[in-house]
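Guided by the hints, dock chains A, Z and P with the ligands onto chain X, whose structure is given.
Taken in order, these protein sequences are the chains called X, A, Z and P.
Letter by letter, the first sequence follows residues 1 to 255 of the numbering used here.
Letter by letter, the second sequence follows residues 1001 to 1255 of the numbering used here.
Letter by letter, the third sequence follows residues 2001 to 2300 of the numbering used here.
Letter by letter, the fourth sequence follows residues 3001 to 3300 of the numbering used here.
Derived by calculation from the structure, the hints in this document are not laboratory data.
Mixed in with the good hints there might be a few duds.
Unchecked claim - Dumping the calculated DSBU-like pairs for lysine-lysine here, alpha-carbon to alpha-carbon at most 30 Å:
no. : chain 1 : residue 1 : chain 2 : residue 2
1   : Z       : K2234     : Z       : K2157
2   : Z       : K2286     : Z       : K2300
3   : A       : K1077     : X       : K86
4   : A       : K1228     : X       : K77
5   : P       : K3300     : X       : K46
6   : X       : K63       : A       : K1046
7   : P       : K3176     : X       : K226
8   : X       : K46       : A       : K1226
9   : X       : K148      : X       : K228
10  : Z       : K2037     : P       : K3176
11  : P       : K3201     : Z       : K2285
12  : Z       : K2209     : Z       : K2006
13  : P       : K3176     : P       : K3300
14  : Z       : K2006     : A       : K1228
15  : X       : K63       : X       : K6
16  : Z       : K2037     : X       : K16
Said to hold, decoys possible - Computed footprint of chain A on chain Z; a stretch qualifies when at least three of its residues, placed anywhere within it, have a C-beta under 8 Å from a C-beta of chain A:
no. : region
17  : 2073 to 2081
18  : 2161 to 2175
Note that beta-carbon positions come from the ideal geometry of N, C-alpha and C, so glycine has one too.
Listed here are the chains, written in short residue letters.
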Amino acid sequence: MAETFKKAALITSITKLTEDIYSMWIKEEDIVANAKPGQFLSLYCKSENRLLPRPISICELDKDNGLLRLVYRVVGKGTEEFSKYKVSDRIEVMGPLGNGFHLEGKKAILIGGGIGIPPMLELAKQLFCEKQIVLGYRDETFLNEEFKPYGQVYLSTEDGSAGTKGNVIDAIKANNIEGDIIFACGPTPMLRGVKAFALENDIKAQISMEERMACGIGACLACVCKSKEVDHHTHVNNKRICKEGPVFYAEEVEL
Amino acid sequence: MAETFKKAALITSITKLTEDIYSMWIKEEDIVANAKPGQFLSLYCKSENRLLPRPISICELDKDNGLLRLVYRVVGKGTEEFSKYKVSDRIEVMGPLGNGFHLEGKKAILIGGGIGIPPMLELAKQLFCEKQIVLGYRDETFLNEEFKPYGQVYLSTEDGSAGTKGNVIDAIKANNIEGDIIFACGPTPMLRGVKAFALENDIKAQISMEERMACGIGACLACVCKSKEVDHHTHVNNKRICKEGPVFYAEEVEL
Amino acid sequence: MNTKVKIAGVEWKNPVTTASGTFGSGLEYSQFVDLNKLGAVTTKGVSNVPWIGNPTPRIAETHSGMLNAIGLQNPGVDVFVKRDLPFLLDYDTKVIVNVCGKTTEDYCEVVERLADYDVDMLEINISCPNVKEGGIAFGQNCFAVENITKELKKRAKQPIIMKLSPNVTDITETAKAAEAAGADALSLINTLTGMKIDIHKRAFQFANKTGGLSGPAVKPIAVRMVYQAASAVKIPIIGMGGIMTGEDAIEFIMAGATAVALGTANFTNPTATQDVITGIEEYMKKYHVEDINDLIGCVK
Amino acid sequence: MNTKVKIAGVEWKNPVTTASGTFGSGLEYSQFVDLNKLGAVTTKGVSNVPWIGNPTPRIAETHSGMLNAIGLQNPGVDVFVKRDLPFLLDYDTKVIVNVCGKTTEDYCEVVERLADYDVDMLEINISCPNVKEGGIAFGQNCFAVENITKELKKRAKQPIIMKLSPNVTDITETAKAAEAAGADALSLINTLTGMKIDIHKRAFQFANKTGGLSGPAVKPIAVRMVYQAASAVKIPIIGMGGIMTGEDAIEFIMAGATAVALGTANFTNPTATQDVITGIEEYMKKYHVEDINDLIGCVK
Ligand SMILES: Cc1cc2nc3c(=O)[nH]c(=O)nc-3n(C[C@H](O)[C@H](O)[C@H](O)COP(=O)(O)OP(=O)(O)OC[C@H]3O[C@@H](n4cnc5c(N)ncnc54)[C@H](O)[C@@H]3O)c2cc1C
Ligand SMILES: Cc1cc2nc3c(=O)[nH]c(=O)nc-3n(C[C@H](O)[C@H](O)[C@H](O)COP(=O)(O)OP(=O)(O)OC[C@H]3O[C@@H](n4cnc5c(N)ncnc54)[C@H](O)[C@@H]3O)c2cc1C
Ligand SMILES: Cc1cc2nc3c(=O)[nH]c(=O)nc-3n(C[C@H](O)[C@H](O)[C@H](O)COP(=O)(O)O)c2cc1C
Ligand SMILES: Cc1cc2nc3c(=O)[nH]c(=O)nc-3n(C[C@H](O)[C@H](O)[C@H](O)COP(=O)(O)O)c2cc1C
Ligand code: FES
Ligand code: FES
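If we strip away everything but chain X, and leave its shape as in the complex, we get (with noise of 0.2 Å):
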């Protein structure tokens, strides 16, 4: 098994992206020494009626440094909370979690939807072959001209105001992207889209998935997903996301 830590984190920058997502630089040397793209963290709330910790994915690493970033967007009370920490408090935050990206392939569509963008951020400098960074958004667009030393990107936005007028497929056709491995992170209908593209194509892919999470280390079997397989673990069709998960092939997994 690979070490898990449980720390309580220096915040060393916190910004904001957009009017709801936030970027946050963590000090964490053991986290960060054994972490990979496609992993997560679990951030632990100060608020003491949140209970559950918050799943956070590891946007950038600074092995160097032993910094960490994160890319969050306020979508409730815990992400809300996280966005009003400042430089020097502490977060306790549980990590590395999960499997993270298989490094693979020559040719490598990177494929990200809104907050499933960050994820692909470590694992474009990561990933040493061709790539081709296609980013997904609704309208404000954000970390996609952090992507650019890293390949070509290309952009879909559903108002059409960057980019392709459209989605991520519709972006990928448009563009006749091509590849022979996908990775790709982003809302479910999305992650849908991309195993039909890739069954088409023929293209294995990568997905990372998302579920609530409770103890995020495998233990209390909230965060499953179907599987198609008969899972070694739990023995019945079910994957713990947080463990077996987030990344899987897409076609392990049910969507």
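Here is chains A, Z and P with the ligands on its own, set in the frame of chain X:
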């Protein structure tokens, strides 16, 4: 009915008086304009799992600047939360609440015990007659220097480190303090002692009482004390400390 | 946008009232809340004679909740009709008097005394965990619920709302018993019986050991019971238990409540009742709900 | 200072175990907690055959609590004894296997399968609100409690702990029924049935509508029930429901629990079990308590 306000007051200063006692000034003009010594405020916690407001006495009023001082001891989660507030934070407060002291007498004995000392300060400032101020502590003293401008100050400490060794009654006796009116605030055993002393010496006594509160305004009947007469509001032998009190004539209530 | 609801023939201007015992008879909170804005004001429990209640401490804070052991202190029905009722009648809101007693006769006496007064509805508290006799004992047994409801219905001039106890195995049974006996509406939930021990003093927090748990901590239980009761009976339900916001109120309404009551919330926020009304209206605007009645029990 | 307690003849090194279903079989939490330090490890529910559990979402956060509707997913007793049990037996702690079933026969089958294994105690979950058959249905009816307890006692080689449901009118009745049928100990409380409605989607949060409420929100109810049960029976009680700190554990012990279990706390703080043991020791030091047994039920 006197006017009561619920406001988000601005914290203008917060200092530590002892290991566990804090002094906080807040700006809230409406409340200050209506407040008098012996009244209290309800302080609301930010933490959502603490639903009930904390009653804290008015320690000082600065009517010219719309400022109000609260001095509180950290004894639990709520006061701990308050101790962490910073200047320019806001705190939800309701007040002024309760009846306050009735300013009367020619030669007054002001008695404060422990965290019952703070409300005596504004009383000492507003009471225009001869004043003898008796302050009782377990060991470490606080606020006592601030009473000096308003009268002769006598101390008692349980460990004998300052003033008379013993309690406030010991200090009164040791210093042959006399008067025609007593004002007292402190723990119930002290109030019992004060009531007995007042009876013995046939001195009128106003005492400020404490009880757990929910509404703070007389609606829930959480905070009653036993009264000698059937109370006109409750129609039983109970008075509401938050409404008919916290200040009572000693003979009105059972201790 | 319509927020009017009808409960047992009585029309409220909106579905929000106060939970008995947390709002007195409205006087104290009228400094913060315009009582004219409320659908109804529900009073503290009223008994035939003055009740002195329990020794202090009477409350304790718990995680996202509170325990109370007030013990139904009240000045009795005579003082109520002379002092509190006239105050309430000055407002344009419905008046619901909460009735408590130790015996069936006690309840009957209060109900009869109120028959000639301008009270809109009666809420019968058969679920208070904080008094030794009466209260919860009635509310945990279907036969007792049926019996007392029948006796009161014989005497009452106003519609009768039976307030049920959540301290039961199956809320649908007491709900159905009340309905069968002629209750016009149900209120739920009253408080859950809880206990706190002061480990430093090695003593119970309350003189009579237990207190009643309320506040957001119990909301999921309350929503469940409202849903179950609404599925079991046809009479309208006033839902309560931990409502703090308009969204909480909507949740109860979707579960099947025709109206809602706020208790503990008043202590945390004295304008909670008005804020919840505003919150309900905002939800309706956001989702283009024309009539609040369209939301009642819409989740099945 | 003695922290050892004895439950049904089994000596634990301290009174702290894990609440079933929150700690798997210990493997995952063994990264954070030294299992050797725990009085006992109580496993996730084990059934005769693998169970797939409920659809997701399976959990929801509530004020100072959580709802779960896991639905007792588990790989079945065969995998349990082959994979999980050997892992646990490597530790110097007591092993309590939590048993679930849909019918009395299911429960019997698991208990019989476990008879020959080195398991210290069996905890029988007759109180799960999250499965349609079995579970809570057994736990809300005294006759059912008595019956299943008797059947299991006939077959079990290990002491039997009956885990009771808090969703009852009177916990002393099911407690007494279990004792009368020969139960060696009781566990309480399981979760309270709750509900959450997503008002934006106008839908239940959970596929089977309700979930089980746990966490600090329910602590006052749990303490009350432990106190009531302890006053009604002579067999030892494992208390649980919202314990987060050593002080919470002491409260349950003073109410009458011989030992305590931590569930939801593990999610908030993965080292909660160990921290609670430390907290208990600190309390004992501060108040010069020589033997934890002196605190059991000391508040009466
Ligand atoms: C593996 C994984 C990685 C994630 N990475 C990111 C990320 O990098 N950036 C980001 O902004 N979001 C991410 N999310 C989603 C994020 O966890 C939720 O937005 C967040 O938990 C919401 O918390 P809240 O308190 O603001 O919302 P609330 O609605 O108040 O939360 C209530 C409860 O529901 C849970 N919850 C609510 N929404 C979700 C959700 N979408 N997924 C899982 N649990 C949820 C919360 O954790 C909490 O337990 C990720 C989710 C998973 C499972
Ligand atoms: C009229 C009045 C005036 C007061 N003035 C002051 C003051 O000027 N300075 C000061 O330090 N303290 C004062 N107190 C006591 C103060 O209210 C409590 O110390 C405080 O509420 C403790 O809150 P907590 O969250 O820290 O403690 P916790 O124990 O966590 O509080 C739990 C609950 O119990 C209540 N509670 C606990 N102790 C008391 C208490 N002694 N009296 C009333 N309620 C209590 C809390 O309000 C809360 O509802 C006063 C009390 C009253 C009734
Ligand atoms: C301090 C207090 C006093 C109460 N007194 C009464 C009462 O007199 N009669 C009654 O029927 N319910 C009484 N209740 C119960 C409430 O009316 C309500 O049913 C319960 O508190 C749940 O709602 P909440 O969570 O919004 O407080 C009281 C509750 C509290 C907190
Ligand atoms: C996610 C989760 C899963 C649970 N699974 C089981 C179970 O399999 N068997 C069981 O008897 N109780 C189960 N429970 C109930 C707990 O064991 C415990 O009785 C309850 O959660 C109260 O304790 P707590 O407040 O400390 O969590 C579960 C609880 C939770 C939160
Ligand atoms: S969150 Fe507990 S198993 Fe995944
Ligand atoms: S605190 Fe409610 S009446 Fe005093």
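Check: Okay, which hints does this one fail, numbers in order?
Finding: 4, 5, 6, 7, 8, 9, 10, 12, 14, 16 and 18
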